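A.B. asks: Listed in order, the protein sequences are those of chains A and B. Reading the first sequence from the start, the letters are residues 1 to 328 in my numbering. Reading the second sequence from the start, the letters are residues 1 to 328 in my numbering.
Careful, some of the hints might be misleading.
When chains are identical, the list treats them as one kind, so a pair holds in a single copy or across two.
[Stated by the list, open to error] For lysine-lysine, the following DSSO-like pairs were computed, each having C-alpha atoms within a straight-line distance of at most 30 angstroms:
no.: 1; residue 1: Lys98; residue 2: Lys219
no.: 2; residue 1: Lys143; residue 2: Lys97
no.: 3; residue 1: Lys2; residue 2: Lys219
no.: 4; residue 1: Lys219; residue 2: Lys266
no.: 5; residue 1: Lys143; residue 2: Lys2
no.: 6; residue 1: Lys2; residue 2: Lys266
no.: 7; residue 1: Lys97; residue 2: Lys219
no.: 8; residue 1: Lys98; residue 2: Lys143
Worth flagging that the hints you see were computed from the coordinates, not collected in a lab. Bear in mind that the values here come from a model prediction, so they are computed numbers and not experimental data.
2 protein chains.
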Amino acid sequence: MKTRIAILGYGNLGKGVEAAVAQNDDLELAAVFTRRDPAGLILRTPGVPVLPASEAPAWAEAVDVLILCGGSATDLPVQTPEYAAMFNVVDSFDTHKKIPEHFAAVDDAARAAGKLALISCGWDPGLFSLARVYANAVLPVGKDETFWGRGVSQGHSDAIRRIEGVLDARQYTVPIPAAVEAVRRGEQPVLTARDKHLRECYVVAAEGADRARIEREIKTMPYYFDEYDTSVTFVTAEELARDHAGLPHGGSVLRGGVTGWEGEHKQTVEFSLKLDSNPEFTGSVLAACARAVHRLSREGQTGCRTILDLPPAALSPVPPEELRAHFL
Amino acid sequence: MKTRIAILGYGNLGKGVEAAVAQNDDLELAAVFTRRDPAGLILRTPGVPVLPASEAPAWAEAVDVLILCGGSATDLPVQTPEYAAMFNVVDSFDTHKKIPEHFAAVDDAARAAGKLALISCGWDPGLFSLARVYANAVLPVGKDETFWGRGVSQGHSDAIRRIEGVLDARQYTVPIPAAVEAVRRGEQPVLTARDKHLRECYVVAAEGADRARIEREIKTMPYYFDEYDTSVTFVTAEELARDHAGLPHGGSVLRGGVTGWEGEHKQTVEFSLKLDSNPEFTGSVLAACARAVHRLSREGQTGCRTILDLPPAALSPVPPEELRAHFL
């Protein structure tokens, strides 16, 4: 019996989930729900209905897990509790500081409905969180560092697009190799924001726009850019489309710890990702998590969980005895 | 209430567990059991009794988890089922191909006694197994590679010591950078044993021994060395003690996968360890796992588990709401 997955929201992430479901024999796509006009969406998966979000409630019995692919700013805080009252759900809510609040709202809704919900899974939060928890549990004396990139930050790209005279932009977050290497060597250096990452901006300016002003406004933008060394390169719309169309990302979680009675032995744990497509990888994590949610829901679990609560084996399609024989 | 830990076997690993327990406020060492003369053992932890293994049964009520620190060849296959009938236990059984058999024996014993047992935890099997399971669950289309080192292999060092005319030896397993880099780039290369690792041997020969013969016997030794490029360096006993006394190790688990409808996007997941002290790091993993075993045992779980079955949060001393707020 396959796990029947539905998707709400067919943007980059929804498409990534669809592609991930197609790679897994034990998952199948049952439906895609959208708040746009369903007639405008053409899925890659043959024979799967595209329906208005308003029809989702009628599908409660035909779907094992609904994957919510909206944004963290305004969609998920409303959608995840709403749909957790009808479906087992999975989301990738990534506003770190609002996770406790989101968890509480989703937990109430899911518990009342006897459903199971998993929030904030993807890679950060998600796989990076796992790396932090395992590394801290094993090495209680130490220091964590997370590096992101080289990859496209949507938030920073959007911030540049809001500047007057900017038509389009793409911002890459770039980890600084010397900082990564010092952490890898277990030196536990003290690093400022500027020490850890560069920001590379590719900007399409409107004809006649004041490029010096745009560059200055980017480099001095509080929080987004002022604490970093930032490079600004003006390109044409054609160059942006040709050279910067992808959504690569990645990064590393490192923990430098010490063991021994005098802390005499350095021990370094690192978890790294190098991703050609951020939305397809995130979609792949969501698909594996949906498998786990379906499985644990059938065992009678209800309420809200995070990936920190899921037994690793629950994410895998491989039976436990085969995991022990071949993966352990 | 602290988790009361006992150790059976006070070799390198037992000492590593002791040091790890001292780093964790919620763990305490209750006793060390030994098959040697207890009078000969001086612990680092003040006030903890050293007792003959035969007295362990009397401690069943005073110990929450017994960590078995014997060897996988002959100790653990007997000890883990035997002690799982009296204690919650944790071991680091690492004979990969005998894990299913060991699991079954321990599961029977623990279940009958209402105890919880965790086998085969450490870093490989252990944290490396976790990395393999998560990466395979997320990237079902791809290829795994594991590199070990640079680090000391006890098995290979022992194999050299058995050669006539060899007084002592230390063997380092060394990953080949070009192979690691190709896998990191997502190229999914086909790699032989020789492509992946070098073997560096430091050998103390007896006076008058035939060094050419020793070198030849090492390099042609089936399974251990014949499939690898091996270097042999003769050193004095003093040099071996001065330059090769440590037990560093580490390695990397990599999975190169692809996503997208045509497999057009490469996605690479890597988990790496760089360890100054293999036994202290392994001891640290065992200590964190003992915390989880105690916790899950109090929830009523019995039988045998592996680290693949443990919710990650169970290994951490940090309460779930704090994990969500600060680690997710």
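A.B. asks: Which earlier hints turn out false for this structure, listed by number in ascending order?
C.D. replies: Checked against the structure, the hints that fail are numbers 3, 4, while the rest are satisfied.
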